[in-house]
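Model the full structure from these sequences, guided by the hints.
Protein chains in written order, with my numbering: chain A, 1 to 507; chain B, 1 to 287; chain C, 1 to 314.
Hint data in this document are derived by calculation from the structure and do not stem from the laboratory.
Note that the Cβ used here is the ideal one computed from N, Cα and C, for glycine as well.
Hints may contain errors.
[Unchecked claim] Straight-line distance between alpha carbons at most 27 Å, and here's what the computed DSSO-like set of lysine-lysine pairs gives:
| id | chain 1 | residue 1 | chain 2 | residue 2 |
| --- | --- | --- | --- | --- |
| 1 | A | 371 | B | 139 |
| 2 | A | 371 | A | 34 |
| 3 | A | 406 | A | 117 |
| 4 | A | 371 | A | 406 |
| 5 | A | 295 | A | 347 |
| 6 | C | 86 | A | 34 |
[Unchecked claim] Simulated restraints, written as ranges between beta carbons of each label pair:
| id | chain 1 | residue 1 | chain 2 | residue 2 | range |
| --- | --- | --- | --- | --- | --- |
| 7 | A | 174 | C | 158 | 52 to 58 Å |
| 8 | C | 89 | A | 174 | 17 to 23 Å |
| 9 | B | 190 | C | 89 | 53 to 59 Å |
| 10 | B | 30 | C | 89 | 55 to 61 Å |
[Said to hold, decoys possible] One-sided and incomplete, this derived list gives chain B residues near chain C with beta-carbon spacing under 8 Å:
| id | residue |
| --- | --- |
| 11 | 117 |
| 12 | 133 |
| 13 | 212 |
| 14 | 216 |
| 15 | 217 |
For reference, the chains in residue letters:
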Amino acid sequence: MLNRLHFSGLLAGLSAAFLAGAVGAQTELKVAMKAQPPTLDLHVTSTNTVRNVAAHVNEGLFAFDSDFNPAPMLAESYEISEDGLSYTFQIRQGVPFHNGDILDADDVVASLNRWLKRSSFGRTLSRYVTSVDATGPHTVVLQLNEPANFVITALSTWRAGPFIYPAEVIAAAGEERITEFVGTGPFQFVEWREGQEIRLERFADYAAVEAPADGYAGRKDAFVDTLRFIFVPELSVRRIGVETSDFDAALDIDADSSERYKADPNVMSSLGAPRMTTLIPNKSSGPMASLELRKVAQAAVCVEDILPVYGNADFWRVDPSLTWQETAWWSDAGAALYNQCDPEGAKAMAEAAGYDGTPIRLALSSEDESKYNVGLVLEQQLERAGLVVELEVRDAAAHEDTLDMKTAWDLAISEHTYRSHPILHSHLQATWTGWWENADRDALVAEFLTSSEDYAKAIWDRIHALYYEDAAIIKIGDYFEHHITRGAVDGYAGMPEPFFWNVRVEP
Amino acid sequence: MIRRWGVARKLRASGGSAVILGLFAACAVLAPVIAPFDPTHISVTDRLSPPALSGPNVMGTDHLGRDIASRMLHGARISIGVGAAVVVLSCAIGVMLGLLGGYLGRAGDALMRVVDGMLAFPELILALALIAALGSSIKNVIIALTFVFVPRVARSIHANVLSMRSREFVMAAVAMGCSRFQIAVRHLLPQALGLISVQATFIFAHAVISEASLTFLGVGLPPGSASWGAILSDGRDHLLDAPWITTIPGLAILILVLCLNILGDNLRDGFDPRAGNPRLGRARRPK
Amino acid sequence: MRAYLFRRLFGTLLTLFIVVTLVFVITNVIPGSPAALILGEDRTLEQVRDLDRELGLDRPLPLRFAVWLAGVLTGDLGTSYFSGAKVSEVILQRLEPTLILTATSAILAVGLGVSLGVLAALFRGGAFDIGARITALTAAAMPNFWLGLLLILLLSLYWRLLPAAGYVSFFENPGDAWRYIILPSITLGASHAGIVSRVARANLLEEFGADYLRTARAKGLSPWSVVTRHALRNSLVSTLGVVGVTLALLIGGSVVTETVFAVPGIGRLLVESVLRRDFPMIQGTILVIALLVALVNFLVDGAYALIDPRIRYD
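See below:
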């Protein structure tokens, strides 16, 4: 061990000396990620890979601080009218885009309008929005048709969030996806080498906010000249790459490896975003449309026998809530129905419900290993309760297509990404996978979104209980993503989603 | 007769391979009886325990706590089963096409053109496209790999038929008024049997490797299936922390394929030193 | 000769057309939605329908094929559903690593294979022969990706000699590029080196038994010059056919190696495109790969004809 450390230290020193001699003070940070993003248009997609890269390039009006409260980013300040129907935003002045344009109200209006139309959250918010207008060169007014308490939160979101692009870029894209990746962020887009890497560069004219760095908000500095996201499909190779200093960071590494890095000063292991694993029944057709059978599944699940697939106990937690512990919205309403682990009782319920052995189709993607593993364990647990489960395995493209068809599946597994506010959960919408149609839920949600903040939590608890009573979603537990960085990488923040501004690489 | 004696000698020389192959086959047949555990039984609390001769899991457990020894034994059934099925199917269809190609005149030529077209396609990519179309399952892997090897068998049988057609005994049969069908089945097929058995061993070996590669690419058997290729592919994310998951199936595949290749080499030397390896497709010899 | 060339060309074009049509039909009837993959977990059916319209996936299949074919005839392969990049540019970009990897592996496979095979034949039955044969057989029996991962473990992690993964273009940084190509080349070339060495050995041994060699020996030529002047040359001619097929196999076989070593080659492009149903990209890539393989086969046949005048063009 000592030998190896000594040797690698020598090598690191040599290569640093070589770099310094050859290319001057240029610094570079290489991040190995599993797959390339499907697009870099932040309004359209909610996938992780896109955000991980493009959040360095584009910024929104607000960003979450380390406590997940919205903090101003491109907005300087905002005011809400007495009746709660009109939001007036002052936009920061003199903020340059990477193409040389200066940010003004028109860019914000164009971006918000496109986001309201294209993104999944935007569409949720757009039901409450009557107009977005520029009332001055740096003033934007958002007009609502009824008061809504989640506007600022929605504007802070980083997943399919309202990132600001220049108005010309949006006009050029028309009805299609954006292909000029121009933003106001600390890094500018240089090149996307298909299948190889995306290369970003420090944006010299970046206008940082004055507040100190805090979570995703506050001052952002690009301390490295070049930021490269390299696509490395093999997990072991990403790990080895960081151990050998070929890469500075690697995303989505198996949690088991953290043991190995506890004692290794050359590799830092960090918890990434918490995620939530759930079993989604198809409530629109098939056997799972019956509430009794959903209750059977709910009773049969034993989460302690499932969650270890995510690695050692540091990387998962038993938690009944459908909103995260990290937020004020955590709830245990209805939790008595969580983790019942009662196969005998479930079996009796299935018989009482007159279950006739109709096979229940559990749809799985062969490309998503952790969901697949959860599915294998669940199959065993459900069969113990007397249900007949058929695994249907498809590749990701076919699997996702199947989920979009109401009669093609009965059960699916979801790993929800971190959300700071209940409204950002897509499963709250009846249009989302699994199609949870429920009039009580609709009435409560309408009340929830327009109530004052003091009452909102109480209403959310009632909605939360409804999830359990209706067995709309069967919660399994939370787990954490795992990222690793080289020991020489300094300033990497312990935020759920990885980012590399304010990060230095020691020479 | 000298030829036959040569085969026997070579077979004795490769007796070691044959014994090992027999052992593997025995594992495959007896798996349900001798496997200590259910190969699909998951026990996440026992995950990633290393091999221990004294413990319950002789070869350790994988990332879901399944017993690797049991999975290897059952995996022998799938790996060897897939290989055998591909061999039988592709040889049967390939031989038929090859004979037809040699004895149908113009239609046969056209048939061989199609076969050539399929040969022009990189095998893994052909299999990949087919499995993407059919979905991933054991049955579809067998179908896809059969599709890959049929043209190769057909090609070499065809070449063999063409070279035999001008031999005296075939000429004599023609003169005696035998039908084309009779000639093909009674005279040409037995002559090609040696070639077929050589090809069969190579196809077997290659099918085992191809199945592993396809599973690695995510289009072979569904993850979690207990084939050697799938166990190897499942374990690769744990290469650094739990190397036994990859080492055991890796060595098993290595030994199986090695034995098959040795057997195939010796068979070929015994029958005809010039016969092609099916992996190399057409035997490019001047006519 | 000219008639032969024409026939070959026509046959190749016909094969290409059939392959491309088949691939179009197959890939388009398999279930799978590129729109769902682009939109991610929060998508709604409405968003999927909108994106399908943007991608042109709401149009009937024959129309889509006609549009694509018309595009190909005018030299336009379309754009990727995902990145929006031009298919032809992406293919050109990703062809380079595959061609370089194929070339280096082929040189390795042929160079190593032929020398091993020739030496094994010369020292037939000796320790070298047995050693070479075991090495060759083992190399051919290892699943490619396992060999690759073990090489990374050994040469990158433990000995720190070579980078674990990635690709650097020879045209941009030749000083660094070779370090990235060594491990993938060994991984890809090893099994083929094994095959080539066995064929080379068998061919040379057969030549040793040929009449003309006995004549040459009788004329008093030294054993060494018999081997180098006569036997080696003739056995190499027979080995050339194997080399051609090896090359064609390498082009397709590089998929696994490219995935292990994160080499942005065309094999991986095809796998990725199939997995995410990027139809224009699948079509373009298949077309180019089929063309390449046809070209290699054609060149090998040509070379064969040049070296060995006994070939008849039929």
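Against the earlier hints, flag every one the structure doesn't satisfy and list their numbers going up.
Per hint list: zero violations.
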